[in-house]
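Here is what each chain is made of, one letter per residue.
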Amino acid sequence: MLASHLDAETRYSLIRSEALNVTTELLRTQVNSRLRATDINAMALSASKEWEQSNTRIKNWDWVEGYSAHKFRYPKRFEMALWNADRLIGLSMGRPTYHGIALRLDVVEAAPIDLGDRPPILRSTLLGYEIYGTLINARQIRIMHPVNQEVKSYYETYGYQYVEKGDYLFKDISPL
Amino acid sequence: MTKKISQLDDARRKKREKTGLTKKEVKERGKKFLDKYKHLDKEEPANLVSGDMDKIIRREQDDDDD
Numbered sequence: 001m002l003a004s005h006l007d008a009e010t011r012y013s014l015i016r017s018e019a020l021n022v023t024t025e026l027l028r029t030q031v032n033s034r035l036r037a038t039d040i041n042a043m044a045l046s047a048s049k050e051w052e053q054s055n056t057r058i059k060n061w062d063w064v065e066g067y068s069a070h071k072f073r074y075p076k077r078f079e080m081a082l083w084n085a086d087r088l089i090g091l092s093m094g095r096p097t098y099h100g101i102a103l104r105l106d107v108v109e110a111a112p113i114d115l116g117d118r119p120p121i122l123r124s125t126l127l128g129y130e131i132y133g134t135l136i137n138a139r140q141i142r143i144m145h146p147v148n149q150e151v152k153s154y155y156e157t158y159g160y161q162y163v164e165k166g167d168y169l170f171k172d173i174s175p176l
Numbered sequence: 001m002t003k004k005i006s007q008l009d010d011a012r013r014k015k016r017e018k019t020g021l022t023k024k025e026v027k028e029r030g031k032k033f034l035d036k037y038k039h040l041d042k043e044e045p046a047n048l049v050s051g052d053m054d055k056i057i058r059r060e061q062d063d064d065d066d
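As given, the protein sequences belong to chains U and S, one line each in that order.
Take the first sequence: its position 141, counted from the start at 1, is 141 in this note's numbering, and no numbers get skipped.
Take the second sequence: its position 5, counted from the start at 1, is 5 in this note's numbering, and no numbers get skipped.
Hints were generated in silico from the structure; no laboratory data involved.
Please note that the accuracy of each hint is not assured.
To be clear about the criterion: a stretch of chain U counts as covered by chain S if any three or more of its residues have a C-beta under 8 Å from a C-beta of chain S, and this derived list gives those stretches [unchecked claim]: (1) 69–76; (2) 108–116; (3) 120–129; (4) 134–145.
Glycine is no exception: its CB is placed at the ideal position from the N, C-alpha and C atoms.
Please model the complete structure; the sequences and the hints are all you need to start from.
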């Protein structure tokens, strides 16, 4: 690993940690005291394996392999495991664009609903990306590759606009 | 060379100064965001999924990654 890569990993892990701490504090006080946001740790990856038992999952993603590839390549990434008490209810990971103008939400998946009821995840997830994006001075959030029209329309209700070339939705980070 | 924690704190402080927002202001912004979109929770699709994990695993870059 290059020294510059290691340096970025160290610096940005502190910012990630700060963003996740603020996110958890806000979720607990404003949404639901059982919610918390963590990095994608061994416990989260282990819990994601249970999603493979779902019969309704749209994508049979292997988060262990996908996260490993993403983590190795992007030291400035943002990642978030969302928990309701001790149950994993969502995973996501993203990264700044090359020039740091936007923060991409590359992959997001909610826990399959046939494995048990859970709270919605998007508002909590986007909160984390808004905070991390603010801390790294990004001006925009991009949600990459919506899997179907239903989720694309849902993102649009949050004010996101679709860009066909590139297959993503974008929105400026909320002004104060 | 390994950096000291104090150096990392300085770097983090400088980064935050670039945004011009204090931690308190970041929290205020977060609260407003949560309030603004609270009503959308009930409309969330059951299968909320986005992204291309295969592309990440194959280490492919998007063309428009500015």
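Right, here's what the structure says about each hint:
Coverage of the segment 69–76 of chain U by chain S holds in this model, with 3 residues showing a Cβ closer than 8 Å to a Cβ of that chain against a need of three. Taking a C-beta to C-beta cut-off of 8 Å, the segment 108–116 of chain U contributes 5 residues in contact with chain S, enough for the three needed, and the coverage statement holds. With 6 residues bearing a CB less than 8 Å from a CB of chain S, the segment 120–129 of chain U meets the requirement of three and the coverage assertion stands. Coverage of the segment 134–145 of chain U by chain S holds [criterion: at least 3 residues with CB-CB distance below 8 Å; count 7].
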